[in-house]
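Colleague: Residues per chain are reported as follows:
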Amino acid sequence: MRNGSVIRMNRRETVMTALLEIVNEVAGPVDHLDEDQSLVDQLGLESLHLARLVAVLEMELDTDPFTAEVPITSVRTVGDLLRAYDPVVRAPLGDPA
Amino acid sequence: MTTGAVRSTMDQLLADLRERGDAEAMAGHDGSITYAGLAERTTGWLSELDKIGMAAGDVVAIVGNAAPDVVALFMALAIRGGVVVPLAPTDPPREQRASRLATAHAGRVIEFHDTGEWTVQEITPPDAPRPGLLAGLTGAGEAGLLLFSSGSTGESKAALLSLPRLFGGLHAGGRPRRTLQFMALDHIGGVNTLFRTLIGGGTVVTEPRRTPKTAAEAIERHRVQVLPTTPTFLNMLLLSGAYREHDLTSLELITYGTEPMREVTLAHAAEVFPGVRFKQTYGLTETGILPTRSVSSDSLLMDVGGHGFDTRIRDGVLWIKSPSAMLGYLNAPSPFDEDGWLDTGDAVEVAADGSLRVLGRLSALINVGGEKVSPAEVENVLLRAPNVKDVVVSGRANAVTGAIVVAIVEPVADEDRKALARRLRQFCSAALPPHKVPAVITVSDGPLHGERFKRMGGTR
Numbered sequence: 165m166r167n168g169s170v171i172r173m174n175r176r177e178t179v180m181t182a183l184l185e186i187v188n189e190v191a192g193p194v195d196h197l198d199e200d201q202s203l204v205d206q207l208g209l210e211s212l213h214l215a216r217l218v219a220v221l222e223m224e225l226d227t228d229p230f231t232a233e234v235p236i237t238s239v240r241t242v243g244d245l246l247r248a249y250d251p252v253v254r255a256p257l258g259d260p261a
Numbered sequence: 002m003t004t005g006a007v008r009s010t011m012d013q014l015l016a017d018l019r020e021r022g023d024a025e026a027m028a029g030h031d032g033s034i035t036y037a038g039l040a041e042r043t044t045g046w047l048s049e050l051d052k053i054g055m056a057a058g059d060v061v062a063i064v065g066n067a068a069p070d071v072v073a074l075f076m077a078l079a080i081r082g083g084v085v086v087p088l089a090p091t092d093p094p095r096e097q098r099a100s101r102l103a104t105a106h107a108g109r110v111i112e113f114h115d116t117g118e119w120t121v122q123e124i125t126p127p128d129a130p131r132p133g134l135l136a137g138l139t140g141a142g143e144a145g146l147l148l149f150s151s152g153s154t155g156e157s158k159a160a161l162l163s164l165p166r167l168f169g170g171l172h173a174g175g176r177p178r179r180t181l182q183f184m185a186l187d188h189i190g191g192v193n194t195l196f197r198t199l200i201g202g203g204t205v206v207t208e209p210r211r212t213p214k215t216a217a218e219a220i221e222r223h224r225v226q227v228l229p230t231t232p233t234f235l236n237m238l239l240l241s242g243a244y245r246e247h248d249l250t251s252l253e254l255i256t257y258g259t260e261p262m263r264e265v266t267l268a269h270a271a272e273v274f275p276g277v278r279f280k281q282t283y284g285l286t287e288t289g290i291l292p293t294r295s296v297s298s299d300s301l302l303m304d305v306g307g308h309g310f311d312t313r314i315r316d317g318v319l320w321i322k323s324p325s326a327m328l329g330y331l332n333a334p335s336p337f338d339e340d341g342w343l344d345t346g347d348a349v350e351v352a353a354d355g356s357l358r359v360l361g362r363l364s365a366l367i368n369v370g371g372e373k374v375s376p377a378e379v380e381n382v383l384l385r386a387p388n389v390k391d392v393v394v395s396g397r398a399n400a401v402t403g404a405i406v407v408a409i410v411e412p413v414a415d416e417d418r419k420a421l422a423r424r425l426r427q428f429c430s431a432a433l434p435p436h437k438v439p440a441v442i443t444v445s446d447g448p449l450h451g452e453r454f455k456r457m458g459g460t461r
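Quick note, the sequences are listed as chains F and H, same order. Counting along the first sequence from 1, when you hit position 96 you're at 260 in my numbering, and nothing is skipped either side. Counting along the second sequence from 1, when you hit position 51 you're at 52 in my numbering, and nothing is skipped either side.
The following block holds chain H by itself, in its conformation from the complex (with noise of 0.2 Å):
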């Protein structure tokens, strides 16, 4: 892509946000925009970003929840030829958001607070000179955006991807419907919804708490038609009460990714939303988000690729080469082969007419309900924990959540195991966020070194 027509793809968004006038473009806790309102705040944030000398190239972090400010900054530094980095207001937490923004080599952070205020602060880049990756995006003249995804070493990757070229693969299918804006912008799936309801004149409904009840009382107020969202959040939504409570009959679509479907949970949200069209979708913040398309409501075989993006099954394993794909990590060698090819690491199942059915990570990170943990992580946390000789993380299979993280530790000294147990998840909680604490944690009665050799054979 050249200069210019990089360029022109942002400003044409901003052109086609205008032209859409007065129909609603977000709705939800922070109010209702219109697409003209919403194109006038980017407008706005382009010459605050003026104000505050920002350049082409400048990194810049959004700590926020999706809302018009947050979105329309997004746009405006998209515009500006800016690398943007959505941080959500806990995740990370405060203390480990520096190593971050060191990672992002990012110079500013712009806050919103809970009062509607906002907050710019400059940071000091890192000493070191620019990733090659983020010069060479820069140099380009392309916007970029950085998200970090788990790595199995327990390091977050920093994955760069080229704006222009995610915003190209976004295919608005149908006419414009009305989407709940169900992850956070910080997710490749976050960034897919409000951007692809946005591009095809939908409107984008906000509610960043993201329990049953608050959920379906947002879908029942503004008449929410798509909801996207994760087998854990389903089997949560069908556990409460509240889809009873609430009248959810706008739902026209309600599309499920980020880890595997349970075959009966599936069936049950079937039966409960008659009406409903149920599709899976599949993408990771490497890929972005391919297109798929389900066999059939009840059914968890899919078609996956087309519009450019490839996939090919290796010794069971998918495959995918991207026209979104990432430029690569800030932090860690490149995961593509020479001809562009990415392995998913996903084992899939490929049936007769040549639908995949995706069966679970080969990999040691855990899927938590969606979110990856990295083993070694949470080991490194639990072997700073005083009276902890050693220690296995792993993941257990969990009808909630898919996977829970689970660890077996050697005490130095003798302690009573509940004690033990308990004194341990409190010192995690401190340190990871909730879906990285191990939910269980057993006593080992012999030295783990044997354990830790078997699980590094790849069993589960």
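Just chain F, with the same shape it has in the complex (with noise of 0.2 Å):
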């Protein structure tokens, strides 16, 4: 149990890290983002920097969460992206509706 939220943390620190540096791309030097913030609409991300975001992240993280079970349409903010790399058990993604 213990080892598994490790290892919580520190992908999400990964996560965080990789958000961090397309961010500041975008949108100008920024060193905080909060979990409610949404990535399209506040943050101004697109479809490419959505795309390489989680290119970079299997490339780090040995892993893409966003498989035919998980879509990536139902993260919306920086908190559904952390917890979309939670490992084993996921919690439960933004409602789609």
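Honestly, the hints are just simulated from the structure, not real lab data. It cannot be assumed that every hint is accurate.
Partial list, computed: chain H residues near chain F (C-beta under 7 Å) [said to hold, decoys possible]:
1) Ser241
2) Gly370
3) Ala400
4) Ala440
Here the structure is a predicted model, which is why all the values come from computation and not from measurement. Positions of the beta carbon are idealized from the N, C-alpha and C atoms, including for glycine.
Combine both chains into one complex, guided by the hints.
Modeller: This is how it looks when you write it as structure tokens:
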């Protein structure tokens, strides 16, 4: 259990670092993001930014959570993104309706 | 088609516009215009073209977003028997425009600026003789359309289409509807949406900024009924909260094409828009847009063809014979076989009832959100960058845009890997549009010629 949470925290840091790097490119210097900020509407990310984010994380974490079962379209906020990369037990993503 | 018949097709279009009078032809970022107004502007452009000495067969480039004046000029050129080369304001970048204009043998560029003004620039076509295809088309008195499509060698291919034949293949189905002009006019899908809507008496809603927010605003404000789009844009629309913040209940039909759709995206979209019918489209610059019918809103299976468009499956690959097919490329050999069939390069699966599911492209082209990218073009840019000895560019599956461009480089001298990747992405950004810039650049641990050989063997 403790191991699981350590892995989760490390993963979240990796996701946050990769996200910050891209947000910095798009919107200028930012050093902190809130979990409830929306990726597209508030942070201004476009499809190519999100595509790169998923690709960079696949390389760094060796995992792509957006398979046939988990739609990328259910990720709306920074928090949704962090949770999508959590190991093993995946918290429910933002409601699709 | 005889010269007379061709000319009357185009004149008929103008007469049809005029007849619709006060019905709204276009609405959106550039104001609203009626069919009569659009016909009047077209007539205005006809006399403008006479003033600048435009003759049948002349190749004229139009730079601008879909707006009433751009559409009126497009139609005036078609009526005069010209060859239209539609170019988006920023793609290709201005410095690459000259080579496209030379390939097209264009003699004039008419550019629409943000200020609402337009300019005419006369250019000297290349010394080389006019390509036979151009001469043949204009000799027959047919208006032409020149579109650029990505070639696997990295050189953009200039596809010449006959406008009367293309318009002849547009079957305006059902009642007139308000349609969002989603794609630009330098794309076969954009030309198809525009003229299909106008020929059918609907309203073209323009919004050149293609973000989820601006699209949702335009749908709400102009009560858009048809949204022709791509799977990547649907991804973005769902990822954004924009669809919850705007009233999109006017939507009746969402069409999607130019890249494979993910089942999971379609299922989510169908859930968010329960009253909307979803329909898959299929077409290529080389063939025009084919009639399609999705088996159901939540199915990726579709019937393709009919109305004179024939399809055939050979070794799991879709072949098409189209009445509105291009005449050929100005700068590459014809891709059609002697009977007029085109190998689409799209692998398909055939269901028991004969409907098709497109699995993806067999060729080396990478489909990034519907935009085709040639690995060779990106490799050629990277090979010009400092400290690059060799490079292999390929596509990689991606949940957001279907695929992305990735590169593996072999440096000449040791360099920090992250710094190298960042520097090379910047280098590519200066020379390529954003979708062609490798999303991920990695450094190889050894020489790359082995990788290159493997890729040539056809692995993805």
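Colleague: For this structure, which hints from the list above don't hold up?
Modeller: Violated hints: none; all satisfied.
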